[in-house]
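Engineer: One letter stands for each residue in the lines below.
Number of protein chains: 2
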Amino acid sequence: MKIGILGYGNLGKGVECAIKNNADCELAAVFTRRDPSSVKILTEGVPVYKVEDIEAHKDEIDVLVLCGGSATDLPKQTPEYAKYCNVIDSFDTHAKIPEHFANVDKVAKENGHTALISCGWDPGMFSLNRLYANCILPDGKDYTFWGKGVSQGHSDAIRRIEGVKDGKQYTIPVESALESVRKGENPDLTTRQKHTRECFVVAEEGADLAKIENEIKTMPNYFADYDTTVHFISEEELKRDHSGIPHGGFVFRTGKTGWNKEYNNVIEYSLKLDSNPAFTSSVLIAYARAVYRLNKEGSNGCKTVFDIAPAYLSPLSGDELRAHLL
Amino acid sequence: MKIGILGYGNLGKGVECAIKNNADCELAAVFTRRDPSSVKILTEGVPVYKVEDIEAHKDEIDVLVLCGGSATDLPKQTPEYAKYCNVIDSFDTHAKIPEHFANVDKVAKENGHTALISCGWDPGMFSLNRLYANCILPDGKDYTFWGKGVSQGHSDAIRRIEGVKDGKQYTIPVESALESVRKGENPDLTTRQKHTRECFVVAEEGADLAKIENEIKTMPNYFADYDTTVHFISEEELKRDHSGIPHGGFVFRTGKTGWNKEYNNVIEYSLKLDSNPAFTSSVLIAYARAVYRLNKEGSNGCKTVFDIAPAYLSPLSGDELRAHLL
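Sequences listed follow chains X and C, in order. At the far end of the first sequence sits residue 378, using my numbering, and the numbering has no gaps. At the far end of the second sequence sits residue 378, using my numbering, and the numbering has no gaps.
Isolated chain X, as found in the complex:
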């Protein structure tokens, strides 16, 4: 399976690594909006092209993995490149998924291609677990917790504050809330009761630290509804202790079974990831395999993880899966 990567940031690099870790995959080309000669990739002997050259190289690619951002890149790119190739993205603006789906579906169907959107862990593996658990326990309650991990959006918000040189934000689930859900207590939890936020900030020399801390803690949407801790640290400390991009989280469904709903059940799924982009990329490559196979079978148009039978993700045959994993 020949994979193309569009966009060589953290996610693009992650996809390159995931290809190396899957024997049936091969990196065909990387496409970039930068000057290709300035982009140094890890895999030897693989070309880097300008993004405008995708059409010219479309026959060398079985699946194109789109590694741009959800805010402005993917809404344009995924429908655009579904014209030329099978495509997969990790579009994660939950509220805009229906619109994005419709746009991609139209182009993919018109061109006989298969597309998969919103693939990763949330949306992605977390969504799958919500769906399975909702179908098994129709009478129940869902809980999703994120972290401990780095939120890119919240880190960016900190860095936009005057006097801030650099910063990193961790989202942390509240342990007592997790425990209550896990015990089947079905708590009603406010935003503040579910997560705390911890910020590590490098201030400009002479900046007003109290003012920065106050601006962070009162920032609407991002921090105001949470218990937030702010630590001022040096640039060296930030680099030494906070350069990773770990993440993870928990999906629960608690629900009742029995004639009089007398039995409680707790379904829990959790992830603990040293690198968010490396894991997301690994999910993307497993699903790229499915996209490739579905296209070969003539199943075109846009899909999500909900539409893919799990066996399509595996390099093993049905016989092997039944014998070893069932």
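If you are wondering where the hints come from, they were derived from the structure by calculation, not from laboratory data. Among the hints, a few may not be true.
Copies of the same chain look alike in the list, so a pair counts if it fits in one copy or across any two.
With a Cα cut of at most 25 Å, we get these calculated SDA-like pairs of lysine to any residue [what the hints assert, rightly or not]:
1. K158 with A75
2. K235 with N273
3. K246 with R234
4. K348 with G370
5. K148 with K161
Note that the structure is predicted; figures quoted are calculated from it, not measured.
Got chain X sorted already, so can you dock chain C onto it with the hints?
Structural biologist: Then chain C, alone, in the frame of chain X:
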């Protein structure tokens, strides 16, 4: 969707309850090997027939749920009734799944029916989680723990010992082993290091308790390889404190991502169930929905949970799923 139940034990009753909890399902009939007049079911106005009458009532049933045992019932029943109906079972003898699959597949295909075997939580939801996690983390290690819960097979083994009137056995995962796996330490665990076994035994009057305890603890396959605790209790205590059938367990995969496999990841799925048969039945009914739909689409033959796209389990449309659960 009209459901038939074959076999009205714990699992059959569980299926009846799950039907009540799913608005799009209706119990059409219960089939039994006992005298139908002796079988009192919970749902009013639904007939109980002799198992021999299935063929005569096949047009009243969209999916027949087979609730017999894996040792001798299902290997015969599932292929037999795939002749007349779409069928689903929870066949759980892992080693014999390939053979059972082939037998059921042949009959289902010949008769234009859809069958799903080995559906429940293990095999079933645990298998799905093993598969997804293996596809995402091809370089990793799997761990499955069961419990805390009642093992029917081990309870039966205790009850066969001379001098034992009744008994119940709990399988318990070793907490320190769970913690080690959860931390990503990738331990190599022996049978003894993964689970302990706790037995509650009602002895016949005058029985040799030391002899019973020794027979349990040294029983090959069932107990000899485990740290086993035996408690002698009264019949009243057994009834009062141990009449439930709780179960559950944990599926982990730990694995590496990154160019030099420098990142660790832990995927964990767990279940905590007040009633094992009530939960298994809830999984069966969600998958019965898929079987019914696949048959309508003309997708015949035998399937497993690996072959079913998750959206087929839900009463919601693709649009609704994308808008609310993705």
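Engineer: Could you work out which earlier hints the structure fails to respect and list their numbers in ascending sequence?
Structural biologist: Result: hints 1, 2 break, sorted rising.
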